[in-house]
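Kindly produce the complete structure, drawing on both the sequences and the hints.
Chains A and B, in that order, are what the protein sequence lines are.
Numbers 1 to 130, taken from my numbering, label the letters of the first sequence in order.
Numbers 1001 to 1542, taken from my numbering, label the letters of the second sequence in order.
Take these hints with a grain of salt, some might be off.
[Claimed, not checked] Ranges between beta-carbon positions, derived for each pair:
| hint | chain 1 | residue 1 | chain 2 | residue 2 | range |
| --- | --- | --- | --- | --- | --- |
| 1 | A | D14 | B | G1409 | 40 to 46 Å |
| 2 | A | D26 | B | P1396 | 48 to 54 Å |
| 3 | B | D1114 | A | R96 | 19 to 25 Å |
| 4 | A | D14 | B | P1396 | 36 to 42 Å |
| 5 | B | G1157 | A | V53 | 51 to 57 Å |
Hints were generated in silico from the structure; no laboratory data involved.
Where is the CB? At the ideal position from N, CA and C, for every residue including glycine.
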Amino acid sequence: MIEIVSAERCVACDKCVLACPTNVFDRGPGGVPVVARQEDCQTCYMCEAYCPVDALFVAPHTHPLPAGSPLREEPEVAGAGLLGSYRERIGWGRGRVPGARLAVGPDLDRAGPAPAAGRAPAGPARGARD
Amino acid sequence: MKETTREELRLTADVLVAGGGPAGAWAAVKAAEAGASVVLADKGYCGSSGATAAAGTGVWYVPPREDLREEAMAAREGLGGHLADRGWMARVLDQTWENMHEVAAISRYPFPVDASGEQVRRGLQGPEYMRRMRVRAKRAGVLVLDHSPVLELLVTGDGTVAGAAGHRRQEGRPFRVRAGAVVLATGGCAFLSRALGCDVDTGDGYLMAAEAGAAMSGMEFSNAYAIAPAFTSVTKTAYYSFATFYHADGTVLEGAGSRRGRSVIGRTLLAEGTVLCRLDRAGEEQRRAMRLGQPNFFLPFDRLGIDPFTEMFPVTLLAEGTVRGTGGIRLTGADCATGVPGLYAAGDAATRELICGGFTGGGSHNAAWAMSSGTWAGRGAAAFARSLGAAAHARPARPVGGAGLRPTGRTWAPGGHREVVAAVQAEVLPYDKNQLRDGAVLAPALDSLHGTWRRLREALSGAGGEAVRAREAAAMAATARWMYTAALARQETRGMHKRLDHPRQVDPAWRRRLVTGGLDETWSVPEPGPATSARTPLEVTA
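Printed below as a string of C-alpha cells:
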C-alpha cells in the first residue's frame, strides 16, 4: 500500500490524484497530496509510475504497515534506492529506454528440472509478515 | 455537447462507453472512427485502471497462416471443455492481428525488435499500452470522464438502453449521459481480493446489464486463483512455471504447480497454513529475461529484499473471479450485442467462452478478446446510434438501478456496504468453497448469498460516493449468486469448473453453455443446442 508521499520531492502536479485508479489521494492544503483513503489502495504501483519526481513509495504489502517499519521511512527507502525504482524499470522518464522495447520474457516451457524431492531449503524462508 | 447544471453534469453522445480498460478504450476509439460522438466514463483513470494497466500481458497474436491458426485454435479446445466457437476464435485472431498492427503503427508502441529487425508483438506492457490507448481515444475526439463510475442504465419505455447515470467522485456530483447506445466494458469481478489492478473490477456491468434485461453466460467458470507472494498483490502466475513449491519444513510439495496443481497449493494452504516457493528452475539467462519481460513481478521481492531464485518465500492464492474466469454478459450477435437494444458488452464484462470455453489459463486470450470485442462493440454501438437518427436524445428514459440505489424498505445507516462485502467475500474467496467445489458446500453458500441479497435489496443505499460503494457491494453479491447458481447447475467437471462431487464428464448433453441470470430469483439453464466447433450459433458477419 502507499506509505510515503515525499513532501520534499513533490512538485504539487496532482498527477497521482488523477492517476490513482482507486482514488486514494486528496489534494493537500499546501499542494502536496495526502493519502486520504489508504484502505482503498490496491497496491498496483501506478501512482509511482505516473509521479514525475519519484516522490511516492508503495510498500508491497496489501495491508498498512505498523509504525516503525523501515518501509514507511523516506530516508531508509531512498537510501535503498527504492524511490522511483518502478518508473526506472518501466523506462518512463526523460532519456530512458521504454521498458516495453526490451520486454522479451523467457520461454515458459523451458523451466529446468525440479530439485530432488525432499531437498532441504537453502536458508530460512523470507517473506512479508502479516 | 456539454450542458452543465450546478448539481448534475448532463451530457449527450451517440455512444457512451462505461469502463476505460483496453476493451473500453478500443470501443471508444472504434465508435469515434465510425463517426460517433463518444463519452468514455471510467471508475478510475483511463490509462491506469483495470487488470491490464497495472500488469503486463501476452497477446493471442498468431500470424495469418492456416497451419498456425489451426494449431492456435485447437490448442485450447480440450482445456476449455469444447465450449468455444471456431467462428469467433477465427475472427478474434483476425481482429487482433489488425489491432496489434494499429498499436504499432498508430500508437507507435515500442515493441521489442528481434535479431532480424522484426517487431515482436506477442505481449504488451500494461502501463505503456494503456497510456497510449488513452492518447489515441482523446485524439479520436472521445470525451474521457475519469473518476466517474457509471451506476445505472437509463432505459426507454420499450426496453431500449438510452444512456446511463453515475457519480463524479472527485467533484462530488452526479452525471448523466443520454446516448444512442451504451457499451459496458466495466471488467469482470474479483471481489476486492487485491489481485493486481483488480479492485476496480466489482461486477458493476453485470448488474447493470441484468437490470436492463440481459443474461450472463459461463458464470460457473469463475474460480480462477492467481499465485502471489503472501501479503502482496503481484499476480503473475505464468512465471511460477519456474517454481518449486515446498511445505513449511522445506520438503517439496508434490504435485503443486502453476499450470496443473494450483489446487494442491490451495489444499495445502488450507491444511498447513503455509506454502513456500522458490524460482529455482530458472537459469541465468531466464532470470534476466524475466526481469525484462515483467518488471512488476519483481517489485515485491526487491522491496522485501528477497532473492526469489535462491530464497524461499511464502505464497498465497488470490481470487480472480471472472477476471481470469470466462463468464460474463451473454452476447447475442457478432457486434457484441446483448439482446437488449442499445446495449453492447466487451472485454471481461462479456463472456469469453466464445473463444476460450471454460478455461483461460493466461492473459493472452483475454487481451485479444478485449481489443477485438471492444472494436466490434464500439462499431456496433455507433451503428445502432446512427440508426436512431436525431431523435435519440429526445426519447423519454428512466434509470433502472435497483439494489444499492433504491432500497425497498427501511435503509441501513451509512457504511452498510462493508457488511455486504464481508458477507460476499466469506462465500467466494475461500479455496474450500470456490476453488475446490462441492455441491454440499456450494448450496449453503448460495443460500447465504441469497440472504445477503434479500437484506441488501431491502436496505442498502448511499448518497454520493457511498452510492458507488453500495452499488459495488450489490454487484458483487449479484455476481456471486450467478456464479454459484451456475456452478450448482453444472453437475460435472469441465474447464476450470471442477466439482469434487462430480469429478468427470459423463453426459454429452453437458457440452452446452449455461445461461444464467435473474435478480431477486436467480436461474441457470443450458443453451438449447450443444456448443461444438463445427457449429456457429451466431451469425458472423464481416
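So which hints don't hold here, by number, going up?
-> 2
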